[in-house]
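Listed in order, the protein sequences are those of chains R and X.
Note that our numbering has the first sequence beginning at 1, numbered continuously upward.
Note that our numbering has the second sequence beginning at 1001, numbered continuously upward.
A hint or two may mislead.
[Said to hold, decoys possible] Subject to a maximum C-alpha distance of 20 Å in a straight line, what follows is the list of computed EDC-like cross-link-like pairs (lysine to aspartate or glutamate):
1. R:K187 - R:D136
2. X:K1167 - R:D244
3. R:K254 - R:D244
4. X:K1167 - R:D136
5. R:K8 - R:E74
6. X:K1167 - R:E75
7. R:K77 - X:D1168
8. X:K1167 - R:D88
9. R:K169 - R:D66
FYI, nobody ran anything at the bench for these hints, they're computed from the structure.
Note that the coordinates shown come from a computational prediction; the quantities given were computed from them, not determined experimentally.
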Amino acid sequence: MLRLEHIKKTFNPGTVNEKRAVWDLSLHLKPGDFATIIGSNGAGKSTMLNAISGSFYVDEGAIYLDGKNITFVEEYKRSRVIGRLFQDPLRGTAPHMTMEENLALAYLRASEGSNPFSRISKKDKAFFREQLSLLDMGLEDRMKQPVGLLSGGQRQALTLLMATMVPPKLLLLDEHTAALDPGTAKKVLGLTARMIEKHQTTCLMVTHNMHQALELGNRTLMMDSGKIILDVEGEERAHMTVSDLLNKFQSNSKRALDNDRILLSME
Amino acid sequence: MVYVIQTALELGFMYALVALALFLSYRILDIADLTTDGSFVLGAAVSVTIAAAGHPFLAVFAALAAGACAGYVTAFLQTRLGVPSILAGIVTNTGLYTVNLMVMGWSSNVSLLKQDTLFTIVRDAGIGGDFHKLILAAAITVLMSLLLVWFLSTRLGLSIRATGDNKDIVRASSINPVFTISVGLCVANAMTALSGAVVGQYQKSADINSGTGIVVIGLACLIIGETVFGRRSVVRNVVAAVAGSIGYRFLYAMILKTSVVPIECLKLVTAIVVALAIASPALKEWGSFQKRKFGSVQKGGR
């Protein structure tokens, strides 16, 4: 499904700020894989997602999606098949446009090659309404309101809907519940799991919550210094505890985990 | 008096196209497009030159196309070549000066003498009598307003609106922001050129300097309209742009009649009004901060 082959990315090469963000990283996701990613500060988690979504081109290596080499495909073209959510709920929606208009934009992905002058039809509206009601937040009655009026959690739920309404081949979640209050985060996470289950979407999810990393999905990746240092699934993962994960991190990276948010979230 | 009102309405409708263009570039795309001055003259030059050759209708469409080309150059500079957007407009505008002279046969103005214009054709067709100019000007602007409202509700229009609102989501919807910015600037400059084209035929002349300050006047119109009508929806914004333009021309006519402000000072006054209006959020914030600071001193804070 997704194959990363020895990708490398260095930021600010040749300067004092040189940073090897991702170094010789390889990964293979099978169709329907839902992998959670944890790692230390600056381990390259977001950089890996950015490389996959095409925010920049990698310096070396190749990226394949569904057998197609997408290493040098532009970001906006990749987004036809790759959905993405960021930590910041403001990044995924246009605040001055109505909910309906935002959904219509997201829906564009489905209508490749359709008439650019077509407008939102009655049928589209009914479809949006039905989709919004699935979120169970009462948003379906506020379709004409600008998105800027929604709360962070509501905006993130809407972004999730926009990313999955037309099921993408690959969904990238970059700590998409980290900026929400615990209750809302739980709700959005539940929605996420439901959407992924429903469409059997292949998914990569960065999280700072060790419990989540083991509970959600079928696979856990651990990153450090731009590499994947642990990749567990199946039986081995099922028996793992949070302290096993921490020990694994120490033995594989030869140092203690230093992600402040992970440590803070371990109560 | 009727004559004054009528003229103000005519000019208001014709120049409203510039305010609509700025609504698209400045408000929707969030780009201060300084190509405007040049593309207004370009529209007038193309329109008058072709009308002088006996094709008043063709002249309008040629002006639209010329304006779109000017917009594309600005868009190309900023999206493909990394020129900052304001500079891109200034560069195109500077280049257009020469282009405009060339269109007018290397002279600084061209006039229509006995050739037909859109206005004489309407008059000769017996439409509107004394009001034929007003009717034509209003018809063109209303038509363009409706087209703009319709355009902004299509999928392409929605993606242009999203480009100015949040570029990330445009890319995430598999639309290239380079494309939406280009289309937006082409449409905006085509409308500016249309304004120039209609004004050119109305005045039966085109002058190389007729575009100076058009962008600031257009912004003034937009802001006047928005103050009265608000900015809540696209339809309101479009109405505001047209109404603001008419309002500005009424003010202009009144100042001209009563000489409250010497007419030579009008551009300065317009510039000050626009600067204040655009600065008002910052001024308000400064004011409330000073109030708070002063208040805390009064309470004997420090």
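Cross-check of the supplied hints:
no.	hint	verdict
1	R:K187 - R:D136	holds, 10 Å
2	X:K1167 - R:D244	violated, 42 Å
3	R:K254 - R:D244	holds, 15 Å
4	X:K1167 - R:D136	violated, 28 Å
5	R:K8 - R:E74	holds, 18 Å
6	X:K1167 - R:E75	holds, 12 Å
7	R:K77 - X:D1168	holds, 13 Å
8	X:K1167 - R:D88	holds, 14 Å
9	R:K169 - R:D66	holds, 9 Å
Checked against the numbered hints given earlier, the structure breaks hints 2, 4 and satisfies all the rest.
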